[in-house]
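J.: Sequence:
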Amino acid sequence: MKDNDEKSEKNSSADNVDQYLQTLGNEDAREIRYYSQEQPFSADEMTRLVNEERLNELLAQSDAFLSSLSGEINDFDDNGL
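This note's numbering puts the first residue of the sequence shown at 1, with every later residue one more than the last.
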């Protein structure tokens, strides 16, 4: 019985690979397959999942980094290089 289960698992994997390979050449089928795997979140789910405080910290860090980078670029330009 175990051999049959293993064989059917292998067949299932092989079928999945075969199906995937067939969609590689078909742009529309590949796009449909990609988007069918998406799981949209509702506004309530996003509110529950996102740590707003941490997100704001990351945004502040990225703003500081971009500001610093802009300053470095301006200094580079000002030095005539």
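Derived from the structure by calculation, the hints contain no laboratory data. Check each hint, because a few of them may be wrong.
[As the list claims (entries may be wrong)] Computed Cβ-Cβ distance ranges for the label pairs, DEER-style:
1. 16 <-> 74: 48 to 56 Å
2. 15 <-> 39: 31 to 39 Å
3. 18 <-> 75: 55 to 63 Å
4. 26 <-> 51: 39 to 47 Å
5. 40 <-> 68: 34 to 42 Å
6. 41 <-> 78: 29 to 37 Å
7. 41 <-> 68: 31 to 39 Å
Glycine is no exception: its CB is placed at the ideal position from the N, C-alpha and C atoms.
J.: Checking each numbered hint in turn, tell me which of them this model violates, lowest number first.
T.: Numbers 2, 6 - these are the hints that the structure violates, sorted from lowest upward.
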